[in-house]
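Novice: Going down the list, the protein sequences come from chains W and U.
One point on numbering: in the working numbering, the residue at position 61 of the first sequence is 63, and numbering is uninterrupted.
One point on numbering: in the working numbering, the residue at position 106 of the second sequence is 100, and numbering is uninterrupted.
A hint or two may mislead.
In silico contact screen, one side only, chain W against chain U (beta carbon under 10 Å); selected entries [to be verified]:
id	residue
1	Ser44
2	Gly102
3	Asn104
4	Gly112
5	Arg118
6	Pro119
Read the hints as simulated data drawn from the structure, not as lab findings.
This structure is a prediction, so every number in the text was calculated from the model and none was measured.
We put the beta carbon where it would ideally sit given N, CA and C, even for glycine.
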Amino acid sequence: AQKVTQAQTEISVVEKEDVTLDCVYETRDTTYYLFWYKQPPSGELVFLIRRNSFDEQNEISGRYSWNFQKSTSSFNFTITASQVVDSAVYFCALSEARTGANSKLTFGKGITLSVRP
Amino acid sequence: KAGVTQTPRYLIKTRGQQVTLSCSPISGHRSVSWYQQTPGQGLQFLFEYFSETQRNKGNFPGRFSGRQFSNSRSEMNVSTLELGDSALYLCASSLARQTNTEAFFGQGTRLTVV
């Protein structure tokens, strides 16, 4: 069975601080996908990134960066120079190729990030 | 381009009643998935439909059912509502099941069972 653990539940930082959100996953499949979603107060999940299990390259998109390490089954997310607009709940998720890349996502419990001015 | 539309946004029902939620995917998207979000259990996968066929199912009782129409719009139904069914129900659509595209989520339907 697959599992996603986000050990941090709430993080509070001051604007312009860097913050790292941790994600550890478990799966028996060799082909899988990892995701990060952001959920603002309005409720919809906003897609941030998807990585497949064969691509361990780290990725940077503006102030966001992701570190994928298969050796430790981790897919961590760093926000550099955080802003108040980054305040939201962040979810890490996992899907397995055999059930469909975008289907049957297993989500972590989410991390509530508060960025104070 | 319109996003994923879920209706209604809010719903209050009484225990024992049934409810139907609707999801209109992004135009051209053929895969629709449903998730339940509660404070206790978090986000849990309910089921996925693709081309009017249920392709995947989560671990929910038979009171939860769904369907997809030929225009890819999907509905989910919960019968004999229980207090524990109070949740945010999210729908996600994607272009296809295996392509390199992401799933887009709607804003959800918040169901309160009293």
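Novice: Have a go at the W/Pro119 hint: is there a Cβ in chain U nearer than 10 Å to its own Cβ?
Specialist: violated, 27 Å
Novice: Close enough to count: is the Cβ of W/Asn104 nearer than 10 Å to one in chain U?
Specialist: holds, 4 Å
Novice: Using Cβ atoms only, decide whether W/Arg118 comes closer than 10 Å to chain U, and label the hint accordingly.
Specialist: Hint on W/Arg118: violated, closest Cβ of chain U at ~24 Å, above 10 Å.
Novice: Once the shortest beta carbon distance from W/Gly112 to chain U is found, is it less than 10 Å?
Specialist: holds, 7 Å
Novice: Interface hint check: W/Gly102, Cβ to nearest Cβ on chain U, cutoff 10 Å. Holds or violated?
Specialist: holds, 4 Å
Novice: Does W/Ser44 pass the interface hint, meaning its C-beta sits closer than 10 Å to a C-beta of chain U?
Specialist: holds, 6 Å
Violation of the numbered hints given earlier is confined to hints 5 and 6; the remaining hints are satisfied by the structure.
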